[in-house]
Amino acid sequence: AVALCAAAGVLAQPVRGTAALAVHDRYLAAWNAQDADAFAATLHYPHARQAPGAPGSTSWQGAEEYAAGMDFGPLIARGWVHSYWDTRTVVQAGDNKVHVAARARRVDADERTIQTVQTLYVITEHDGRWGVQARFSAGPPATGRVADASRKGAVEAVEAYLDAVNRRDAQAFAATMHYPHYRVTRAGRVQAWEEAREVASTMSFDRLASTGWVRTAAYNVNPVQVSADGVNVALELLRYNAAGERFDTLYLVTREDGRWAFKGRSSFAPR
6 AVALCAAAGV LAQPVRGTAA LAVHDRYLAA WNAQDADAFA ATLHYPHARQ
56 APGAPGSTSW QGAEEYAAGM DFGPLIARGW VHSYWDTRTV VQAGDNKVHV
106 AARARRVDAD ERTIQTVQTL YVITEHDGRW GVQARFSAGP PATGRVADAS
156 RKGAVEAVEA YLDAVNRRDA QAFAATMHYP HYRVTRAGRV QAWEEAREVA
206 STMSFDRLAS TGWVRTAAYN VNPVQVSADG VNVALELLRY NAAGERFDTL
256 YLVTREDGRW AFKGRSSFAP R
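Read in order, the letters of the sequence shown are residues 6 to 276 in the working numbering.
These are calculated hints, taken from the structure and not from any lab test. Glycine included, each C-beta is placed from N, C-alpha and C at the ideal position. There may be inaccurate statements among the hints.
[To be verified] Once the Cα atoms are required to be at most 20 Å apart in a straight line, the calculated DMTMM-like pairs of lysine to aspartate or glutamate come out as:
no., residue 1, residue 2
1, 157, 69
2, 157, 262
3, 157, 168
4, 157, 241
5, 157, 76
[Stated by the list, open to error] The calculated label-pair distances, taken between Cβ atoms and stated as ranges, are:
no., residue 1, residue 2, range
6, 90, 150, 22 to 30 Å
7, 150, 202, 34 to 42 Å
8, 75, 132, 20 to 28 Å
Sequences are here, hints too, so could you generate the full structure?
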């Protein structure tokens, strides 16, 4: 069974995320300025956003497409004038990718909270430039029994995923995901699958087996953001092979039609 990390909060990383946080600041500044072009310029493309619910998955191929689709009207109609970071932590970091868990508060002219949102930002570096590659939105924060139930559902989804991998069962592996499903690769590129059969037909365990791989296990499992229908789970995977590869990864686990499954993934190169 997968055990939850003992840490109560988010696992922090040192200052390797400084450049990522700088673009994250520009992201929020452009949002508050309602500047669609400047906001779109803080992103990398293809850009993906995942959230609980159907469809809950959106992708954009370029900045022009993204800016053209932005509309602050509905938010302004609710009284929104500004957003703040309530909390922001670098959860996992590598040379060209950083995972930032942030909770943003949207307020009206009287500083009353309209909405609180939790999002995991996958921030990547390409050709010397940092940008937001993907956003995994967990949803409004949950507490108490609701949060406990969500954590349990997310951990069980991780267990089902590992079970499918260790049994080398491509069909079961594909069934541990919701679709459309997005993955940000170690190199910081977005991969997309529209349905389970795409994953099942292309998934092969031969490459892993060629390294002497026997099984994969999860450690330091930490639900860093929890809502009623979405959980961002940071963890470390260990591949039992000749190299004993360890690497950090993050899963957005969502509940749809009563079933918890992976909606988005982002991982780092083995250490």
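Checked hints:
no. : hint                   : in the structure
1   : 157 to 69              : violated (41 Å)
2   : 157 to 262             : holds (17 Å)
3   : 157 to 168             : holds (16 Å)
4   : 157 to 241             : holds (18 Å)
5   : 157 to 76              : violated (36 Å)
6   : 90 to 150: 22 to 30 Å  : holds (28 Å)
7   : 150 to 202: 34 to 42 Å : holds (37 Å)
8   : 75 to 132: 20 to 28 Å  : holds (25 Å)
Consistency with the previously given hints fails for numbers 1 and 5, ordered from lowest to highest.
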